[in-house]
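Single-letter residue listing:
Number of protein chains: 2
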Amino acid sequence: MQETQRTEISTLGEFGLIDKLTENLENRNASTRKAVGDDAAVLHYDGTTELLVTTDMLMEGIHFDLTYTPLKHLGYKAVAVNLSDICAMNGTPRQVTVSLALSKRFSLEDIEALYAGMRLCCERYGVDIVGGDTTSSLTGLAISITCLGEAPADRIVYRSGARPTDLVCVSGDLGAAYAGLQILEREKRVFSGDGAPQPDFAGKEYILERQLKPEPRADIVRRLAEAGIRPTAMMDISDGLSSELLHICKQSGAGCRVYEERIPIDYQTSLVCEELNLSPLTCALNGGEDYELLFTVPLADHEKVAALQDIHLIGHITEPSLGAALVSTDGQEFPLKAQGWNPLL
Amino acid sequence: MQETQRTEISTLGEFGLIDKLTENLENRNASTRKAVGDDAAVLHYDGTTELLVTTDMLMEGIHFDLTYTPLKHLGYKAVAVNLSDICAMNGTPRQVTVSLALSKRFSLEDIEALYAGMRLCCERYGVDIVGGDTTSSLTGLAISITCLGEAPADRIVYRSGARPTDLVCVSGDLGAAYAGLQILEREKRVFSGDGAPQPDFAGKEYILERQLKPEPRADIVRRLAEAGIRPTAMMDISDGLSSELLHICKQSGAGCRVYEERIPIDYQTSLVCEELNLSPLTCALNGGEDYELLFTVPLADHEKVAALQDIHLIGHITEPSLGAALVSTDGQEFPLKAQGWNPLL
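Protein chains in written order, with the numbering used here: chain A, 10 to 354; chain B, 10 to 354.
Bound-form chain A, shown alone (with noise of 0.2 Å):
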């Protein structure tokens, strides 16, 4: 390690870790259309197909925590978040490698329960496992992912495209995955302390599951191609709303605003979020790993996005200088602010 000078990585977070790293990064290879900056990179070989790639790190301690979640669900989950990144693209996932380093303390049992869920994911979205690597930890469980996918040229879907009067969409509700996370996490804390009773799950089937085995959106790239709408901008939720949001506007230099009101929950995390005593629409904005997508619509698509179902309609793009804000229940005007997880913090 250098002695030289020491700039500490959390001072900088992920995304200007990665700007640091990547910068005056130049493509040398005809078939490198697109590399860093958006859900995947976009490669053409040959022919009229573009392939897409993207990849994801899952280390134990920091993405997962094995005391309450099954190795099935993290095999499943571990997949899905890379299938849901072709999604994002508007592409199709075709291959998937796979990476792990265990620890010793993971038999071949476990091992197996992990793949289980892999294959599973794998076997429910039509992906085959290509590859991997096998090798060991000195601590813990790693997992690296990598997706390819496919789409037509003419139908890949970038940050960067959202236009003044485009429509801000959504599918699925928000903030479940976050208000899982908490259940989970405070029935670990009772469960570690003196006298633990069963952890207490009942009625919230719903928002364990968004958080333990998410689905990639597949199925709403389908309906949007067979309502003959392509999307101008689209991404994945896996920071957050606002972080999203802010992604958006800012690769396709443009503002926008969102109405708190439209803004999709579903009523099991509005319980819990009482029970918790959070704020439903800061877990919905903030709260990450929903794997829902985050997609604008030209205005001339209204009436054939509107008549789909589980797609919400939370608002629109604007000219760059109104920035990107949301709107409350009663009018006033707040900024948008990247509060989502910083995993290098």
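Among the hints, a few may not be true.
Same chains, same label: a pair holds when it works inside one copy or across any pair of copies.
[To be verified] Within a straight-line C-alpha distance of at most 27 Å, the following computed DSSO-like cross-link-like pairs (lysine-lysine) qualify:
| # | residue 1 | residue 2 |
| --- | --- | --- |
| 1 | K113 | K259 |
| 2 | K43 | K197 |
| 3 | K197 | K313 |
| 4 | K346 | K29 |
| 5 | K81 | K259 |
| 6 | K29 | K313 |
| 7 | K197 | K113 |
To be clear, the hints were calculated from the coordinates, so they are not data collected in a lab.
Once you've looked at the hints, dock chain B against the given chain A.
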């Protein structure tokens, strides 16, 4: 974790574990041509180009020791070993994704040094960094790299194509990377003792570089093509010559004879082995990490391949019934054994 049964992963070894996890894997996509079981997966999207995909995960304390590994070298090597797998398919590496998990002891300057090594290797081999993931780790550094490459469909070389009478060839020289590792480990022990002198690396530059900064043999792939030679089987030497020969023999359904006196060992490797009381032959057979190419060519190509520099004919492929054996200088035959490095022990 499951409580019912517990099989230690160390009892299976890496290949046993992979076999277990990937048994009955079905491919669902037409674009998946060849999944698990070679140096890289082979995908076909459209056109005449096949896409190659490989991935490697490197864990601190398992694959590298930062006591004596400069971060820039580590970054270079982490990319190089992936490019080597694409070369081993007779392909050309094009893109990589780079995932890093960092503990707090790493500063921005450290990671910039690591990344500078990665970028240098990419630059030297004309490869683009197209994505990745950056996150935290509770302990140590984890690096996961995925490499994409390409080859015309009729140029791809698998491990399974070796036929009796084919010549067994190897590029460069063997055992140097292992000898270099032994020197580094010795100097580490000296250094951690009392009154530690400066490490003494004079006259050992070559073997240290072989360990710390291996090169993928893209030049061999190019020169074989220029000479009009298409290997029948190929892989790169990461675990050791014996282990890799056994892979080719097993997957090709063949046996082999390789000759002790023909195995290329550098003079510096021999000197260091003498100093350390090691057998140079054992280093070459079982040392690993040389990242040279091991390949077979039809007997008819004998003259063409013999005319190429830095390629050594070390034996030939036989009928499977003869098994895989080393012929010693005095004519005795010794069955080859896979005693390469097991990352799961």
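Now the hints, each set against the structure:
no. : hint           : verdict
1   : K113 with K259 : neither (45 Å within a copy, 29 Å between copies)
2   : K43 with K197  : neither (43 Å within a copy, 44 Å between copies)
3   : K197 with K313 : neither (45 Å within a copy, 68 Å between copies)
4   : K346 with K29  : within (22 Å within a copy, 47 Å between copies)
5   : K81 with K259  : neither (37 Å within a copy, 33 Å between copies)
6   : K29 with K313  : neither (41 Å within a copy, 48 Å between copies)
7   : K197 with K113 : both (24 Å within a copy, 26 Å between copies)
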